[in-house]
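Enquirer: Please build the complete structure, drawing on both the sequences and the hints.
Okay, so the sequence shown: first residue is 877 according to this note's numbering, each after it adds one.
Think of the hints as simulated: they come from the structure by calculation, not from any bench.
You may find that some hints are simply not true.
[Unchecked claim] Only pairs whose alpha carbons sit at most 30 Å apart, straight line, appear in this in silico DSS-like list of lysine-lysine:
id : residue 1 : residue 2
1  : Lys1144   : Lys1080
2  : Lys953    : Lys977
3  : Lys1194   : Lys1148
4  : Lys1078   : Lys1194
5  : Lys1144   : Lys1126
6  : Lys1164   : Lys1100
7  : Lys1187   : Lys1164
[Said to hold, decoys possible] Label-pair ranges, simulated between beta-carbon atoms:
id : residue 1 : residue 2 : range
8  : Asn985    : Arg1191   : 49 to 55 Å
9  : Lys1187   : Lys977    : 47 to 53 Å
10 : Ala1026   : Lys1100   : 49 to 55 Å
11 : Lys1100   : Leu1043   : 25 to 31 Å
12 : Leu894    : Ala1111   : 46 to 52 Å
13 : Tyr1051   : Lys977    : 39 to 45 Å
14 : Asp1091   : Arg1191   : 28 to 34 Å
15 : Leu894    : Asp1072   : 17 to 23 Å
Quick reminder that beta carbons are idealized off the backbone N, C-alpha and C, glycines included.
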Amino acid sequence: MSAFAQARVIPFSDTTKLGIELDKLEKQYREPGRKGFAKAFEARYRKDEENFRQKVGRYFVRNKAGFYVLYQQCVNKNGKIDYLFYQIESPISDSLHAIFKEKLQEYANSYADTLKTASVSLSYNRLGIILKERKPTKGHTLVTVEEAQATTQPDTVKILKLGGLALEEVPAEIYRFANLEELFLEGNEIKTMNIDLARLPKLKMLYLGNNGLTDGSLSLIPNKTLQILNLQGNAFTDIPAVVRANKNLKSLWLGGNPLTNMRNGSFKKLRKLEDINFYKCGLKKLPKGIAKLKKLEVIDLYYNNLTELPKSMGRLKKLQQLAVSFNELK
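Expert: This is the structure:
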């Protein structure tokens, strides 16, 4: 790749016709945080997603447009990006795609990594720009704070999609909607969250991913209806205690958090969980206390550093799907 003067920005869909073999690249550019890499890589590369959003995503926030994107960057030993692959997962116009690719190229060319000791590959699962088209809506879904402020029929609103709006605090307007069932606040810049779910007595789904939340920065007064909680892509080191207070949770997604402080007690009071996601959490050991989750049907442990699984998992009689690829299991 050193023959190229600048980073190559390529859609995943074009790799075959360009003769690029991703499986070979994965061997050349090893993943940070896995065997053979210092912990410094994990912290450094967790910052990349925020840098990506700041340098690439800001344009789309300002212009009230955006999309979901999966991307992967391959960084050489000199700390520069050789390849940046991407896949846009939402409908997008040709003109917006062209602008996006231009912004990607600018980001890739200006990238500089101070950890110049190995060639590495970093991939994200539907992270990066988490924005959606902001069009006026009708019916029970609202997609902007302005709509939430203006509606004269708050009792009809069931879904509030406020993701990717560069919000720095939880809008007070969410409490206007007593019948709200789904609340999306993912992909913002809300570093501290205090949400009174008791004032949202019908809320079933809550999405708080990719906000930079840390231990102690999340406060949730529980309700009796919350079933799905998405905290992916934050900076928690353990399952927050406030999460465990929501005893009716069925799905908990924590992928992309550095869960280095999990212990047996982390799973207390989550006995109704059916689905738990620990994708790319830097786990070296899974606490045996996970066996307390008797109703678990799905466990996602992709891309961790596990060398073994606790024997206690044999007691999970309802388990149907166990995803453990890309670990160090013996």
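Enquirer: Note whether the CB distance of Asn985 and Arg1191 lies within 49 to 55 Å or breaks it.
Expert: About 52 Å separates the Cβ atoms of Asn985 and Arg1191, which means 49 to 55 Å holds.
Enquirer: CA of Lys1078 to CA of Lys1194, is that 30 Å or under?
Expert: It holds: about 28 Å lies between the C-alpha atoms, which stays within 30 Å.
Enquirer: With a cut-off of 30 Å on the C-alpha distance, tell me whether Lys953 and Lys977 pass.
Expert: The hint holds at about 24 Å.
Enquirer: Assuming the hint says 17 to 23 Å, is it satisfied by the Cβ distance from Leu894 to Asp1072 or not?
Expert: Violated, since Leu894 and Asp1072 (Cβ atoms, about 52 Å apart) do not stay within the stated range.
Enquirer: Given the hinted pair Lys1164 and Lys1100, is their alpha-carbon gap at most 30 Å?
Expert: Holds: Lys1164 and Lys1100 sit about 28 Å apart, inside 30 Å.
Enquirer: So if I understand the rule, the pair passes when the alpha-carbon distance is 30 Å or less; does Lys1194 with Lys1148 pass?
Expert: holds (12 Å)
Enquirer: Holds or violated: Lys1144 with Lys1126, Cα cutoff 30 Å?
Expert: holds (14 Å)
Enquirer: If you check the beta carbons of Leu894 and Ala1111, does the distance land in 46 to 52 Å?
Expert: Hint violated: Cβ distance 36 Å, outside 46 to 52 Å.
Enquirer: Does the hinted range 39 to 45 Å hold for Tyr1051 and Lys977 at CB?
Expert: holds (40 Å)
Enquirer: Hint says 25 to 31 Å; check whether the CB-CB distance for Lys1100 and Leu1043 agrees.
Expert: Between Lys1100 and Leu1043, where Cβ atoms are some 27 Å apart, the hint holds.
Enquirer: Within 49 to 55 Å: is that where the Cβ-Cβ distance between Ala1026 and Lys1100 falls?
Expert: violated (30 Å)
Enquirer: Falls inside 28 to 34 Å, the C-beta gap from Asp1091 to Arg1191?
Expert: About 29 Å separates the Cβ atoms of Asp1091 and Arg1191, which means 28 to 34 Å holds.
Checked against the numbered hints listed earlier, the structure breaks hints 10, 12, 15; every other hint is satisfied.
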